[in-house]
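Visitor: Listed below are the residues making up each chain.
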Amino acid sequence: MNVQFKKGVLTLCVLVLTLKKDRYGYELVNKISEQFLIAEGTIYPLLRRLTKDGYFTTYLLESQEGPPRKYYQLTESGKTYIEVLIKEWELFSTGVNRLIEEGTKSDEG
Amino acid sequence: MTKDDFFNELQRRLEKLPATEREEILADYEEHFQHAQFEGKEEQEILASLGSPRKLSKELLADYYLGQAKEKNSYANLLRAVFKTLGLGFFNLIFVIGPFLAVIGVLLALMVVSVALILTPFAMIGSAIWIHDWLLSLLGIFITFMLAGIGLMLGAGVIRFSKAFYRWFTNYLQSNLRLIRGVQKNE
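Protein sequence lines correspond, in order, to chains A and B. The opening position of the first sequence corresponds to residue 395 in this note's numbering, with each subsequent residue numbered one higher. The opening position of the second sequence corresponds to residue 146 in this note's numbering, with each subsequent residue numbered one higher.
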């Protein structure tokens, strides 16, 4: 898959996963790699970038079970950004779906 | 590859980053390892799914330079970031070889034209033998001498321009390499 495209989709995934609750890095990696095949290490650069851009703040939490966790929390600008991204994605995916529908229909006919 | 190899290579490849930045990155991966091992995953399994340090460091460096470009608003940083992102191969193909071939092509064509113009009086002298109208032959010789003059000037111009182009192009290549390697000239 195109690298830039994949990056864009991963950005959307990471942000949307943190919409309801804060999550830690390993949790995010797991959630995403359950859905598709990625080099898991690439999620961390993405998280750093989003933090630098001000969409996340982070905090470290010791856990009762297992190693300490670095949590990612959406900021206000992160919440606005994810809304924009979701709208863009919906526009994009309906467009693609329509083309797929048209394409497969004309193939049969 | 072992876990230590992974961290050593990553550290080496991120040498150009500020120490705090690099340590934060390594800490993120360290945490990932701890969590994965806590879940009972094997070291090799974790390494395989993480991806190669080479690929990860490329991404991290590109991000870093892009961030710098945004902060400092410097053109050089921006370019460096772009080149880092595109990668050396693609850059060379499009930005170096393309214009290079175009300029060389134009220079060659001009050179051929100039040589052809310089040769026209000889052709005229040759054909004067067959033209018995001496006035016409004289006119032809005059015109072709003029053409030869233009050819000489054109040739001299092309040679001067090629030299300048060569100098400029080597400088350009050098600065490209500097940009791609991320070495800053004046900082």
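Calculated from the structure, these hints are not laboratory results. Computed from a predicted model, the values in this text were never measured in an experiment. A couple of the hints might just be wrong.
[Stated by the list, open to error] Here are some of the chain A residues that sit facing chain B, going by a computed Cβ distance under 10 Å:
hint	residue
1	Ser427
2	Gly435
3	Gly460
4	Ile480
5	Glu484
[Stated by the list, open to error] Derived pair list, reagent style DSSO-like, types lysine-lysine, alpha-carbon separation capped at 27 Å:
hint	chain 1	residue 1	chain 2	residue 2
6	B	Lys200	A	Lys464
7	A	Lys499	A	Lys473
8	B	Lys203	A	Lys401
9	B	Lys148	A	Lys401
10	B	Lys200	A	Lys401
11	B	Lys203	A	Lys446
12	A	Lys401	A	Lys473
13	B	Lys161	A	Lys425
14	A	Lys414	A	Lys473
15	A	Lys473	A	Lys446
16	A	Lys414	A	Lys400
17	B	Lys203	A	Lys464
18	A	Lys464	B	Lys161
19	B	Lys200	A	Lys400
20	B	Lys148	A	Lys464
21	B	Lys200	A	Lys446
22	B	Lys148	B	Lys161
23	B	Lys161	B	Lys203
24	A	Lys415	A	Lys481
25	A	Lys415	A	Lys401
26	A	Lys446	A	Lys464
27	A	Lys446	B	Lys186
28	B	Lys308	A	Lys464
29	B	Lys308	A	Lys401
30	A	Lys473	A	Lys425
31	B	Lys308	A	Lys400
32	A	Lys425	B	Lys203
33	B	Lys161	A	Lys401
34	B	Lys203	A	Lys415
35	A	Lys499	A	Lys425
36	A	Lys415	A	Lys464
[To be verified] Far from chain A, by Cβ distances over 10 Å, these chain B residues were calculated:
hint	residue
37	Thr165
38	Ile170
39	Tyr174
40	Ala181
Idealized CB from N, CA, C, for every residue including glycine.
Visitor: Give a verdict on every hint.
Guide: Structure-based check of each hint:
1. Ser427: 7 Å, holds
2. Gly435: 4 Å, holds
3. Gly460: Since the shortest Cβ distance to chain B is 4 Å, the answer is holds.
4. Ile480: Status violated, d = 23 Å.
5. Glu484: 27 Å, violated
6. B/Lys200 - A/Lys464: Holds, because 23 Å separates the two Cα atoms, which is no more than 27 Å.
7. A/Lys499 - A/Lys473: Violated, because 39 Å separates the two Cα atoms, which is more than 27 Å.
8. B/Lys203 - A/Lys401: 14 Å, holds
9. B/Lys148 - A/Lys401: Measuring from Cα to Cα gives roughly 26 Å; hence the hint holds.
10. B/Lys200 - A/Lys401: 14 Å, holds
11. B/Lys203 - A/Lys446: Since the Cα atoms of B/Lys203 and A/Lys446 sit roughly 18 Å apart, the hinted pair holds (cutoff 27 Å).
12. A/Lys401 - A/Lys473: Answer holds: A/Lys401 to A/Lys473 is near 19 Å, not above 27 Å.
13. B/Lys161 - A/Lys425: 32 Å, violated
14. A/Lys414 - A/Lys473: 11 Å, holds
15. A/Lys473 - A/Lys446: 15 Å, holds
16. A/Lys414 - A/Lys400: 23 Å, holds
17. B/Lys203 - A/Lys464: It holds: about 23 Å lies between the C-alpha atoms, which stays within 27 Å.
18. A/Lys464 - B/Lys161: Measuring from Cα to Cα gives roughly 25 Å; hence the hint holds.
19. B/Lys200 - A/Lys400: Judged against 27 Å, a Cα distance of about 15 Å means the pair holds.
20. B/Lys148 - A/Lys464: Distance ~21 Å between B/Lys148 and A/Lys464 Cα, so the pair holds.
21. B/Lys200 - A/Lys446: Judged against 27 Å, a Cα distance of about 21 Å means the pair holds.
22. B/Lys148 - B/Lys161: 22 Å, holds
23. B/Lys161 - B/Lys203: Given pair B/Lys161, B/Lys203 holds - Cα atoms ~12 Å apart, limit 27 Å.
24. A/Lys415 - A/Lys481: Within the cut-off at roughly 21 Å; holds.
25. A/Lys415 - A/Lys401: Since the Cα atoms of A/Lys415 and A/Lys401 sit roughly 22 Å apart, the hinted pair holds (cutoff 27 Å).
26. A/Lys446 - A/Lys464: 15 Å, holds
27. A/Lys446 - B/Lys186: Cα-Cα ~31 Å, so violated.
28. B/Lys308 - A/Lys464: 59 Å, violated
29. B/Lys308 - A/Lys401: Given pair B/Lys308, A/Lys401 is violated - Cα atoms ~45 Å apart, limit 27 Å.
30. A/Lys473 - A/Lys425: Holds, at roughly 20 Å.
31. B/Lys308 - A/Lys400: Violated, at about 46 Å.
32. A/Lys425 - B/Lys203: 24 Å, holds
33. B/Lys161 - A/Lys401: 24 Å, holds
34. B/Lys203 - A/Lys415: Given pair B/Lys203, A/Lys415 is violated - Cα atoms ~31 Å apart, limit 27 Å.
35. A/Lys499 - A/Lys425: 35 Å, violated
36. A/Lys415 - A/Lys464: Holds, because 14 Å separates the two Cα atoms, which is no more than 27 Å.
37. Thr165: Non-interface label on B/Thr165 holds, nearest chain A Cβ at 12 Å vs cutoff 10 Å.
38. Ile170: Check fails; 7 Å does not lie beyond 10 Å.
39. Tyr174: Since the minimum Cβ distance to chain A is about 7 Å, B/Tyr174 lies within 10 Å and the statement is violated.
40. Ala181: Nearest chain A Cβ is 7 Å from B/Ala181, so the label is violated.
Of the numbered hints listed earlier, those contradicted by the structure are 4, 5, 7, 13, 27, 28, 29, 31, 34, 35, 38, 39 and 40.
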